[in-house]
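Build the full structure now, drawing on both the sequences and the hints.
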Amino acid sequence: MKAMNRRKFLKGSLLGGAAASVISKRKNADASSSFGGYPDAMGVLVDLTRCIGCRSCEAACNKEQGLPAPAQSFDDLSVLDHERRTSEGAYTVVNRYEIPGKDHPLFRKIQCNHCNEPACLTSCFVNAYTKTPEGAVIYDATVCVGCRTCMIACPFYVPAYSYSSVLNPVVQKCIFCYDTRLKFGRPPACVEACPREVLTFGKRKDLIKIGNQRIQNHPDLYEDHIYGEKEVGGTSWMYLSSAPFDQVGFDTDLGTQPILSYVKEFLTVVPMVLTIWPALFAGFHLLATRKDKQKKEEKSEI
Amino acid sequence: MKTLIANGKIPLATHYNDDRSAKWSVKDKLLLGLSLSEYLAQAFRNPLNWFFAVIFSFGGYVTITRFIFGLGYVTHSSYDYPWGLFLGFGLFVMVPLSASGFMLGTAVEVFGRDDFKPIERLALLNGLLGYLFAVIFLQVDLGQPWRLIYPMFVSLGPAAVLFLVAWHVATYLTVQVAELVPAFAEMMGMPKLKTFIKSMILGLTIAGIILSTLHQGALGALFTYAPYKVHPLWMSAPFQWFHYFCSSVFAGLSMLIVVSTICKKTMAWRCDDNFLTSLDRLTIGLAKGATLALITYLVIKIIAIAHDGDWGYLASGWGQWYMLEMIAGVILPMILFTISIRNNLPGLARFAALIAVLGIALNRLNTALFTFNWKLYQEIPHWRELVITITVYCLFIATYRFVLYRLPILYTWKKDEEAAS
Ligand code: SF4
Ligand code: SF4
Ligand code: SF4
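These protein sequences, in sequence, are chains A and B.
The first sequence maps to residues 20 to 321 in the working numbering.
The second sequence maps to residues 13 to 433 in the working numbering.
Bear in mind the hints are in silico, worked out from the structure with no lab data behind them.
The hints are all genuine.
Straight-line C-alpha distance at most 30 Å; calculated DSS-like pairs for lysine-lysine:
#1 K41(B) - K276(B)
#2 K228(A) - K202(A)
#3 K206(B) - K41(B)
#4 K121(A) - K387(B)
#5 K283(A) - K224(A)
#6 K277(B) - K39(B)
#7 K222(A) - K202(A)
#8 K387(B) - K249(A)
#9 K387(B) - K283(A)
Fair warning: this is a prediction, and the values are worked out from it, not measured in the lab.
In structure tokens form, the structure reads like this:
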């Protein structure tokens with residue numbers, strides 16, 4: 020698989036970086052192709068046109084993941100008055116967006132999008148994240164050092180950190196219900212809890228077909244775009260909307276390149292510096308000190 | 013100390029005491045050849061120590077609360093701004109300002125510029141302590157600092173930029189300790205150790221160059237993980253690492269000018285004539301290096317804007333902030349340096365260096381904090397975060413002074429025969 024080659028290449032180049040004296044001669048193995056994701060990865064298609072903002076998914080997630088009871092109960096819809104983000108106590112939240120020119124608002128559920136090439140995963144220096152073949156991006160709290168680079172890297176502002184904990188602060192985010200459900204092929208708790216079938220669970224590639232069909236069948240209703248099909252290299256969770264995506268809180272400036280491709284420019288420099296620098300500076304040294312030596316020799320001759 | 017010297021005390025710089033009757037003990041060397049009461053008396057007379065006492069007692073207390081009540085107590089626990097002052101200042105500002113070590117190492121050991129010898133050790137020390145305290149800042153910031161070695165031995169994520177930073181800073185700290193061992197060996201009278209290190213010095217220096225190029229660049233590359241969060245004027249994926257590397261060159265040189273000036277002004281008793289008389293010439297020499305780096309930096313900054321097509325942003329409010337940073341922090345010191353070199357005005361070069369240092373600090377804080385999340389809101393660090401940052405920085409200054417007073421950094425250790433004559 021191309022993508023694996025590339026990951027290995029990048030790993031190789033930085034490992035070389037660790038052992039500075041080792042001169043690595045690794046060839047630049049196809050560093051620019053992009054990882055299409057696991058072929059059988061699962062995903063969820065979120066259809067904003069159907070969502071009524073009931074917060075059932077939030078409640079289900081809270082229960083499934085054993086999170087602390089919220090300050091305001093889940094049937095209290097006044098929390099929708101402020102835009103919220105995911106936090107250590109809530110792996111998924113629903114926000115309301117008033118759309119100019121429309122008589123009813125749209126609601127959007129957010130959680131980890133389980134990217135095909137997750138920025139969080141590539142930025143973590145202890146490899147705490149894993150993208151499973153089922154499509155989930157999971158996290159191993161026992162190795163996390165707490166540098167929070169993954170939070171810097173996630174383009175969707177998903178991972179949260181339990182700052183309040185002194186002895187065991189960890190990153191907290193949606194894990195696609197991997198341990199309890201996805202692993203066994205079952206849909207996540209939030210998907211099952213939704214009363215309006217906003218969330219469709221299935222193979223990612225089938226979901227793209229379903230999404231395109233819905234757009235085709237109701238071109239007047241849907242925006243002609245599946246958010247997440249291509250964004251930052253594609254995500255397992257994808258969205259359909261009836262309003263322009265930037266009006267419902269999506270960042271529409273994110274390109275289609277995975278975040279890793281922005282870092283690549285630097286990563287390819289590493290082996291170069293490692294191989295060229297020692298010779299270059301040793302050469303400089305010889306050149307610069309030759310004169311001194313000559314002078315000394317001349318002196319001793321006199 | 014000045015008062016003591018006026019009273020006829022000679023600062024300790026030899027193995028034997030004044031009348032050559034006995035060798036100084038380690039304790040004497042630590043107390044600068046004073047008796048304990050003399051030492052304490054001079055320490056109490058120094059107003060800086062009173063200032064430190066206040067900072068350490070209050071700031072030390074706040075720092076301890078961070079480890080008792082957690083990061084949530086001393087920071088705003090922001091999910092959107094995972095990095096605050098500890099990294100924004102402690103890592104991203106401290107590291108470029110510590111780039112002096114590898115540059116002077118290169119000049120002296122690789123290019124054979126022996127004329128920079130008097131200041132080489134100060135440059136190395138500036139590098140070593142800067143890195144050391146960057147790691148200390150990191151330890152304050154990490155959620156689980158006791159897992160610091162995990163990326164090295166427990167769970168490796170070798171495709172991550174921070175992995176490279178971790179390894180390189182660790183290796184480079186070792187290299188810098190080794191480079192300073194000769195100073196320590198002189199003072200403790202261990203000539204064999206010194207010869208041993210001297211035999212590897214070229215290898216060490218070149219290792220230092222490689223490590224520095226890569227990790228200075230890597231700090232910039234860390235932000236390429238967030239290409240959409242940092243404002244485009246401060247973020248250029250293809251150039252970021254080079255911007256950071258190039259600016260670390262003049263940052264390190266300017267910091268060295270600033271530090272050497274402080275040494276000359278506040279601890280002239282500890283500097284030897286060689287250092288004091290050559291300092292003006294060295295300052296101009298360093299200024300030349302810094303100017304070249306500033307020009308290169310300015311050019312690649314402009315190239316990056318042209319390459320990314322960011323001209324439009326210059327008209328925005330962020331653009332003005334950017335122009336301010338570039339004009340005050342890059343172009344102004346560049347002009348001042350040039351004037352000072354032309355007319356041989358070391359005083360002006362010192363002033364320019366100070367501006368360049370502040371400029372680089374502004375640049376790093378801009379990238380890490382101010383323009384980070386420019387599409388969201390602005391985060392203002394918690395006051396406790398600020399207090400801890402100041403405390404750790406004062407600890408840095410105190411350690412710096414402690415070492416300078418003792419190791420032969422600013423002065424040369426007198427050989428036994430010279431001392432006798
Ligand atoms: S959405 Fe963020 S946290 Fe989730 S997989 Fe993608 S990068 Fe990682
Ligand atoms: S905070 Fe933990 S999971 Fe995130 S990058 Fe750092 S070590 Fe990895
Ligand atoms: S997939 Fe599971 S963890 Fe993620 S938001 Fe839904 S219920 Fe929560």
